[in-house]
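Mind docking chain B on chain A? Use the hints.
Taken in order, these protein sequences are the chains called A and B. Take the first sequence: its position 75, counted from the start at 1, is 74 in numbering that gives the first Met the number 0, and no numbers get skipped. Take the second sequence: its position 309, counted from the start at 1, is 308 in numbering that gives the first Met the number 0, and no numbers get skipped.
A few of these clues could be false.
For identical chains, the list gives no copy identity; a pair is met inside one copy or between any two copies.
[Stated by the list, open to error] Under the rule of at most 35 Å between Cα atoms (straight-line distance), these lysine-lysine pairs were calculated in the DSBU-like manner: (1) K26 with K126; (2) K403 with K220; (3) K86 with K271; (4) K26 with K125; (5) K284 with K86; (6) K360 with K109; (7) K26 with K114; (8) K328 with K271; (9) K125 with K51; (10) K125 with K114; (11) K360 with K337.
FYI, nobody ran anything at the bench for these hints, they're computed from the structure.
Protein chains: 2
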Amino acid sequence: MALIVQKYGGTSVGTPERIQAVAERVKRFRSQGDDVVVVVSAMSGVTDALIKLARSVHADPPVRELDVLLATGEQQTIALLAMALEKIGCAARSYTGQQVHILTDNAYGKARIVKIDETRIHEDLKKGHVVVVAGFQGVDDLGNITTLGRGGSDTTGVALAAALKADECQIYTDVDGVYTTDPRIEPQARRLDRITFEEMLELASLGSKVLQIRSVEFAGKYHVPLRVLSSFGEGPGTLITYEDNDMEAPLISGIAFNRDEAKLTIRGVPDKPGIAALILGEIGKANINVDMIVQNVAADDTTDFTFTVHRGEYKKALDVLKRVARELKAREVSGDDKIVKISIVGVGMRSHAGIASQMFKALADEGINIQMISTSEIKVSVVVEEKYLELGVRALHNTFGLEKTGQPAS
Amino acid sequence: MALIVQKYGGTSVGTPERIQAVAERVKRFRSQGDDVVVVVSAMSGVTDALIKLARSVHADPPVRELDVLLATGEQQTIALLAMALEKIGCAARSYTGQQVHILTDNAYGKARIVKIDETRIHEDLKKGHVVVVAGFQGVDDLGNITTLGRGGSDTTGVALAAALKADECQIYTDVDGVYTTDPRIEPQARRLDRITFEEMLELASLGSKVLQIRSVEFAGKYHVPLRVLSSFGEGPGTLITYEDNDMEAPLISGIAFNRDEAKLTIRGVPDKPGIAALILGEIGKANINVDMIVQNVAADDTTDFTFTVHRGEYKKALDVLKRVARELKAREVSGDDKIVKISIVGVGMRSHAGIASQMFKALADEGINIQMISTSEIKVSVVVEEKYLELGVRALHNTFGLEKTGQPAS
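Excised from the complex, chain A in its bound form (with noise of 0.2 Å):
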């Protein structure tokens, strides 16, 4: 007799069939004798319908209204579920963000969430029915409808759960957990029967796209256990918990990669306080944002600065900082779209010396050069050539034994 909050995507309901599969495996899980809350998205393609529809009306929509109007997604999911539900014998009340008052800012497009009252879930749980929940939306303190941004249904499953102090929340998605990295690159990648808060915030963040961030960092707040898995198969998936103490935790969890940025650098700038603030003020005024940054001081009282941006935006900060060298009288500007990033992460890193080092050994024996390195208490980032993405990222998987379960290889 648990109480889950299960959260299921766009794609998970993509048809009228997957609703019915997904109203199945509810009903499997209330057959337990669990209470279930369930929370969806828009039917993958209506979210991308409705924002063509505003731009043919509005080529740059009123948030306010843009809100009003894609939250009609949601709408339609849940009462479809519900239908799905009653259908086979499974009692069921479906709720807009606004009926469960799910209160948030009024940051239209991209509202925070305030509070839940949940008061009238708990009720329909009693009586027994399956409570479905519109993700992606809610209510600002004037009754104005709000949504969350893209992903936050992920966040109304969190938010529901902890609000509900429920025992688990499951978000349902189209893979069935967490990999050491992406399998499409290493097939040896594992599924990983579980990871840390501060650990999958590494990884999302870095480019594992399972979850939605803000969701991570909610469920780490409010200690909600979050799993996931997928809605098409029947696996434990992953579950994402704080780190438990009885047991050693593996040094690395996983490898991320990321191939959407490019690195630029400014040499023999004057090498004075406030030269960073000012290079990247101008990059930040330009509504560029920035992702790793390294400074160099140089012997001759120059120093050198390098970061990396969006790949789409590349060629934007290049004429930024061209404009900057100029002014700074700087040496020389410099740019590379074809880099990557890979970057191991593992809570174990906090307890054991010699794990930067392991991991520039790896890339050196396969002769991949390093072009930046950035480290933070949990994770080693590292730039390198495009063209060693694949190569860079097997030699490390294999070098801390991720393909095993249980303890790596050191």
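Same frame as chain A, but now just chain B:
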């Protein structure tokens, strides 16, 4: 400076271009200094598509969830219209039925409006906003989403106009007003400048499908001046209002007809109390609606009983009637589904005698035999052979001078 409620149906907002045309029209009223509240239906085809989607999940969708699903249709239109208004510099705010608290009973799929909280709308109007409200939907006292049934957007418009004490409720459709009769039958048919609520009720129920009958009742009850006009043209339309004592009402305002009826007769039934209730009771139990009812007493203590039903239920009604006839030992049952009902409607009848006989004479002059007659205070209906429909309507249109503005010939 008037307060106007405008309602646009599904065809009027059927494409992004048409939504933009509606926005332009609203803007013209705003530019004159009017306050405007707009009620919209779902884009044409959307509601049907949603019903189809529901049936693909559940052959007989639960009514509560069907309402949640269908309400998304109007919600999409309000957002799109508000965007179109903002685009042309007209500040606008969209609201669902739930957001402006259109309180209804909880009869899902056919809910009735109980109360509207107009505070928020007045506040927005004061700020100079156009308020766009979703038609067809409301919310019950537990916060469940309800819908008013097909054509319910007209009712939303009128109810809002009543709550806001609007100066006029304008219903935009694909016709440019109420006509003296169907122009496809009588090319001389003329648009009426004005008509009374009572006449409109009789015309609507008799088959002039311009306005939803509930909305006319509502407008009459709350003294809301109602105007029917075209969303594609610029004419003044037809004003539906209370009888104006200052001006002499025309004898006859319009001629309605209904081809969807069939006639059934049971002859030689014992003429005793309760017999009509017994016969019609059996028909009612079979869920068949009866329209006209005529009873004649014969000389031999038996009675003949004739009534009309919807043509689609003719066979079913005939079967019921035959069974009843056996039980009552009636002499004979007969029927005819090749009939048509023609009605003349006009409040002027109240104060003028001889209208009915003038009607009968006009039909007789054309050699049209009358099979049934039924009268009310402001209406005379006859049933004639189907083939006489056009001839009968034209003869009556001419007899009562409906092609001419002002007073009729008499």
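Here's how the hints hold up against the structure:
1. K26 with K126: Answer is within: at 16 Å inside a copy they meet the 35 Å cutoff, but 50 Å across does not.
2. K403 with K220: within (31 Å within a copy, 78 Å between copies)
3. K86 with K271: For K86 and K271, the Cα distance exceeds 35 Å both inside one copy (71 Å) and across copies (49 Å).
4. K26 with K125: For K26 and K125, the Cα distance is within 35 Å only inside one copy (16 Å; across copies 51 Å).
5. K284 with K86: So K284 and K86 pass the 35 Å test across copies only (27 Å; inside, 54 Å).
6. K360 with K109: neither (43 Å within a copy, 73 Å between copies)
7. K26 with K114: Within one copy only: 29 Å inside a chain, 39 Å across chains, cut-off 35 Å.
8. K328 with K271: within (13 Å within a copy, 113 Å between copies)
9. K125 with K51: Between. Shortest inter-copy distance 33 Å satisfies the 35 Å Cα cut-off; intra-copy 41 Å does not.
10. K125 with K114: Cα proximity of K125 and K114: in one copy and across copies (22 Å, 31 Å).
11. K360 with K337: within (23 Å within a copy, 94 Å between copies)
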